[in-house]
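*Asks:* Below, each chain spelled out in residue letters.
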Amino acid sequence: MESSFLQTAVILLGTALIFVPIAKKAGIGSVLGYLLGGIIIGPFILGLIGNEGEDIMHAAEFGVVMMLFLIGLELNPESFWKMRKSILGMGLSQLIGSSALIFALFYFILGKAFNTSVAVSLSLAMSSTAIVLQTLKEKSLTNTHAGKSSFSVLLLQDIAVIPILAIIPLLATNTITSMDSKHSIIADLDPHFSTLIILAVVAFIYIMGRFLINPFLHYIAKVRMRELFTASALFIVIGVAWLMEQVGISAALGTFMAGVLLANSEFRHELESDIEPFKGVLLGLFFTAVGSTINFDLIFADPVAVFSFVLLIMLIKAVVLFTIGKIFNIQLDQNLLFSLLLCQVGEFAFVLLASTRQLEIIDKETLDFLMAATTISMILSPLFLYINERFIDPKLGVKQAESRPADDVEGNESVIIAGFGHFGSTIGRFLRANGVSATILDNDSEQVDLLRKMGFKVFYGDATRVDLLEAAGASKAKILISAIDSPERNYQLVDEVKKHFPHLQLFMRAKNRMDAYELIELGVNDVYRESLHTSVSLGIDVLHALGQRKYTASRKAAEFIHYDEKALNKLGKFRHEKTGYVESVRNEIEIQERLLAEDAKFLDQREDVAWDSSKRRS
Amino acid sequence: MSKKVLILFFHPRFEDSQANKELVSAIKNVDNVTFRDLYEYYPDFHVDVKLEQQLLKEHDIIIWQHPFYWYSCPPLMKQWIDLVLEYGWAYGKDGDQLKGKYFLSAITSGGNFDVYRKGGRNNFTYKELLQPFEQTVNHCLGHYLPPFIVPSALRCSKQELQNYGAFYAELVAGIQNTETPLQEFLKYNYFNDLSSEKWKALFYKQQ
Numbered sequence: 001m002e003s004s005f006l007q008t009a010v011i012l013l014g015t016a017l018i019f020v021p022i023a024k025k026a027g028i029g030s031v032l033g034y035l036l037g038g039i040i041i042g043p044f045i046l047g048l049i050g051n052e053g054e055d056i057m058h059a060a061e062f063g064v065v066m067m068l069f070l071i072g073l074e075l076n077p078e079s080f081w082k083m084r085k086s087i088l089g090m091g092l093s094q095l096i097g098s099s100a101l102i103f104a105l106f107y108f109i110l111g112k113a114f115n116t117s118v119a120v121s122l123s124l125a126m127s128s129t130a131i132v133l134q135t136l137k138e139k140s141l142t143n144t145h146a147g148k149s150s151f152s153v154l155l156l157q158d159i160a161v162i163p164i165l166a167i168i169p170l171l172a173t174n175t176i177t178s179m180d181s182k183h184s185i186i187a188d189l190d191p192h193f194s195t196l197i198i199l200a201v202v203a204f205i206y207i208m209g210r211f212l213i214n215p216f217l218h219y220i221a222k223v224r225m226r227e228l229f230t231a232s233a234l235f236i237v238i239g240v241a242w243l244m245e246q247v248g249i250s251a252a253l254g255t256f257m258a259g260v261l262l263a264n265s266e267f268r269h270e271l272e273s274d275i276e277p278f279k280g281v282l283l284g285l286f287f288t289a290v291g292s293t294i295n296f297d298l299i300f301a302d303p304v305a306v307f308s309f310v311l312l313i314m315l316i317k318a319v320v321l322f323t324i325g326k327i328f329n330i331q332l333d334q335n336l337l338f339s340l341l342l343c344q345v346g347e348f349a350f351v352l353l354a355s356t357r358q359l360e361i362i363d364k365e366t367l368d369f370l371m372a373a374t375t376i377s378m379i380l381s382p383l384f385l386y387i388n389e390r391f392i393d394p395k396l397g398v399k400q401a402e403s404r405p406a407d408d409v410e411g412n413e414s415v416i417i418a419g420f421g422h423f424g425s426t427i428g429r430f431l432r433a434n435g436v437s438a439t440i441l442d443n444d445s446e447q448v449d450l451l452r453k454m455g456f457k458v459f460y461g462d463a464t465r466v467d468l469l470e471a472a473g474a475s476k477a478k479i480l481i482s483a484i485d486s487p488e489r490n491y492q493l494v495d496e497v498k499k500h501f502p503h504l505q506l507f508m509r510a511k512n513r514m515d516a517y518e519l520i521e522l523g524v525n526d527v528y529r530e531s532l533h534t535s536v537s538l539g540i541d542v543l544h545a546l547g548q549r550k551y552t553a554s555r556k557a558a559e560f561i562h563y564d565e566k567a568l569n570k571l572g573k574f575r576h577e578k579t580g581y582v583e584s585v586r587n588e589i590e591i592q593e594r595l596l597a598e599d600a601k602f603l604d605q606r607e608d609v610a611w612d613s614s615k616r617r618s
Numbered sequence: 001m002s003k004k005v006l007i008l009f010f011h012p013r014f015e016d017s018q019a020n021k022e023l024v025s026a027i028k029n030v031d032n033v034t035f036r037d038l039y040e041y042y043p044d045f046h047v048d049v050k051l052e053q054q055l056l057k058e059h060d061i062i063i064w065q066h067p068f069y070w071y072s073c074p075p076l077m078k079q080w081i082d083l084v085l086e087y088g089w090a091y092g093k094d095g096d097q098l099k100g101k102y103f104l105s106a107i108t109s110g111g112n113f114d115v116y117r118k119g120g121r122n123n124f125t126y127k128e129l130l131q132p133f134e135q136t137v138n139h140c141l142g143h144y145l146p147p148f149i150v151p152s153a154l155r156c157s158k159q160e161l162q163n164y165g166a167f168y169a170e171l172v173a174g175i176q177n178t179e180t181p182l183q184e185f186l187k188y189n190y191f192n193d194l195s196s197e198k199w200k201a202l203f204y205k206q207q
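Heads up: the protein sequence lines correspond to chains A and B, in order.
The first sequence: position 316 = 316 (full-length UniProt numbering), numbered continuously.
The second sequence: position 206 = 206 (full-length UniProt numbering), numbered continuously.
Hints were generated in silico from the structure; no laboratory data involved.
Bear in mind that the values here come from a model prediction, so they are computed numbers and not experimental data.
Honestly, I wouldn't trust all of these hints.
[Stated by the list, open to error] In silico DSS-like cross-links for lysine-lysine, where the CA-CA straight-line distance does not exceed 25 Å:
| id | chain 1 | residue 1 | chain 2 | residue 2 |
| --- | --- | --- | --- | --- |
| 1 | A | K326 | A | K222 |
| 2 | A | K601 | B | K50 |
| 3 | B | K57 | A | K615 |
[Said to hold, decoys possible] One-sided and incomplete, this derived list gives chain B residues near chain A with beta-carbon spacing under 7 Å:
| id | residue |
| --- | --- |
| 4 | D44 |
| 5 | H46 |
| 6 | L83 |
| 7 | E86 |
| 8 | Y87 |
Virtual Cβ for every residue (Gly too), placed ideally from N, Cα, C.
Model the full structure from these sequences, guided by the hints.
*Replies:* Okay, structure coming up:
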């Protein structure tokens with residue numbers, strides 16, 4: 001199928017626009033949406049794109065490179081150094097464990113040649129950085145134990161690609177027939193010398209990142225042209241990637257390193273926001289391309305063989321990961337997540353397998369088979385995660401909570417706190433300091449474990465689930481405090497509580513004024529805006545710094561808060577139904593306007609007569 | 001016709017005061033009595049002046065009920081006086097909103113009449129020490145009724161406290177409903193001084 005560049009772009013972007021929202025709505029995550037979209041437009045169903053899928057995939061792999069740059073940006077050298085134990089410990093044991101087992105499978109059971117088995121096992125031990133990190137971010141799991149561990153393992157794999165690429169040629173039995181022409185410039189050089197060059201390039205990037213890029217960005221920033229900054233961000237990423245490719249190191253690793261070195265730069269956020277959209281689009285394209293390149297002929301020829309192979313490999317990897325999780329003391333539910341997150345075969349397998357094919361370590365048939373298997377595992381992995389999230393994890397959480405005998409003694413707790421992050425834990429500590437031991441609901445299992453050790457009564461899971469609320473004693477409690485960060489989940493919680501536990505008095509955290517309006521509309525009386533008291537107390541200190549007496553400023557502050565609470569209830573009524581984002585923003589501006597008008601009235605009629613003797617003097 | 005009574009109760013640590021618990025439970029639910037626990041309303045001392053003034057206007061007799069701390073009232077009550085009794089409202093030019101209203105101090109005290117007298121440990125009588133409040137009322141053109149004291153409040157038995165509670169309730173109901181002009185009471189030093197007979201004669205004279 002012949003198609004122009006523009007046509008391909010339209011098809012690919014259109015696919016994303018159609019399938020990703022559907023996938024998000026269905027709660028299965030964007031990765032699966034892209035993949036399914038890719039399959040549907042691929043040559044085997046609609047045929048909207050043909051064999052160019054692979055080329056697109058190679059181009060779009062750059063999304064992975066950008067992603068690693070962004071990850072690096074969020075990880076300064078200090079925290080990177082702190083992670084060294086888990087990177088080495090978990091990462092290395094994953095790589096060695098998985099490849100050893102897969103090697104055994106190929107060498108002893110399938111009877112493949114030794115070199116083939118080694119090359120294939122190393123390739124299949126890799127996981128998909130793109131899928132895993134995207135998933136972690138989307139489900140905000142990055143900071144959980146499973147998320148951090150996954151990240152460590154992925155990082156080691158990314159690093160390990162370099163030595164593996166170096167080892168694979170040694171496995172070649174035939175003399176190399178045709179090395180790919182675009183291969184690195186150092187391939188023909190003496191191995192010792194090439195090591196030296198690699199070290200030099202790494203040192204060069206280090207020096208650049210440390211000393212040169214920042215002044216360079218300063219210089220660009222002074223020009224005050226937004227697009228120039230975007231250009232320099234792209235220049236840095238692409239430049240580093242190109243340099244790395246020249247010396248035959250994984251571009252992803254190089255950009256990651258550049259990212260880490262720039263993590264302390266004041267331009268970090270600008271770089272992030274410049275690269276982010278490119279990364280997002282490219283990664284989407286990458287997933288779509290992966291979907292479209294699946295060779296269905298091969299799968300239909302012997303579906304049982306393909307699928308059982310894929311499942312076997314994933315099982316092996318998952319078991320290895322699970323064992324590592326056990327050794328590193330990851331909680332059961334987190335460990336399951338960890339195992340499922342990383343059990344697919346990743347995009348590095350494409351690269352590694354391609355190079356083994358070039359060296360004729362494996363034959364064309366095996367290559368096609370393994371490529372198809374890799375793709376299928378990448379599709380299955382989000383699916384498994386979805387199943388885990390929906391059906392297995394919830395049961396696990398509650399079971400953990402219920403299996404503790406102490407948890408079964410209900411009744412005397414009259415306060416439940418949903419969400420025990422910074423906001424919730426402050427409330428909890430305050431209540432506890434005053435002899436009120438609240439029951440806590442939280443969905444971070446690490447946190448839950450810690451709190452239990454400290455003697456808190458904690459239930460693990462999503463606070464919007466009625467069964468969990470019931471287990472936590474909601475039907476006997478008097479008060480439910482929601483310290484949950486997400487407004488949407490708060491609304492959901494209010495709905496469920498009003499429906500199932502109408503006797504509970506709700507004390508809700510609200511992100512802001514708009515959020516507070518929503519909650520008031522849902523019938524909540526006690527709404528606490530995060531931003532109100534802290535902002536006003538900052539204001540007091542500013543007035544004080546400007547020379548006002550502290551007590552006067554405090555009185556004014558109390559007056560202001562009092563007025564603001566009143567205005568909240570008053571203006572909330574002016575709000576009309578909003579239908580979409582644009583409406584809601586317009587609405588917010590309108591409310592802001594009304595608020596300022598109301599402020600003016602407040603200032604007009606108010607006269608501070610407290611301890612005022614001016615009238616008596618006259 | 002029954003007069004409307006506003007009880008302004010100030011106690012920073014009500015939960016531990018047996019005496020005030022008895023007094024409050026005795027009068028809280030009397031008809032035509034508005035009871036306000038001000039430390040509960042204004043924990044941050046941010047007194048709602050407009051609301052307090054409105055309440056004062058709506059009532060005929062105002063009772064300040066509080067423990068006697070350092071020969072005076074708890075700080076929120078002073079805050080309340082400072083803020084609510086505004087110039088131009090309660091006193092000064094055009095300030096006559098409290099004119100003719102009756103004020104009563106109902107006080108729980110750790111000491112008793114024996115230590116609150118000339119030559120006693122506290123050297124001054126309750127009445128003398130309460131002069132700032134008396135004069136505040138005078139300045140606002142109101143009438144300061146003789147105070148009602150619960151002496152030795154920390155040493156009273158439960159029964160004694162209950163008796164004071166009953167007396168307090170009778171007193172409140174009495175001044176609310178008596179046909180005797182309240183002016184008549186101003187000559188007494190303390191409501192405590194009224195013996196049962198005098199009490200009945202005054203309160204129930206024409207009933």
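*Asks:* What hints, given by number in increasing order, does this structure fail?
*Replies:* 1
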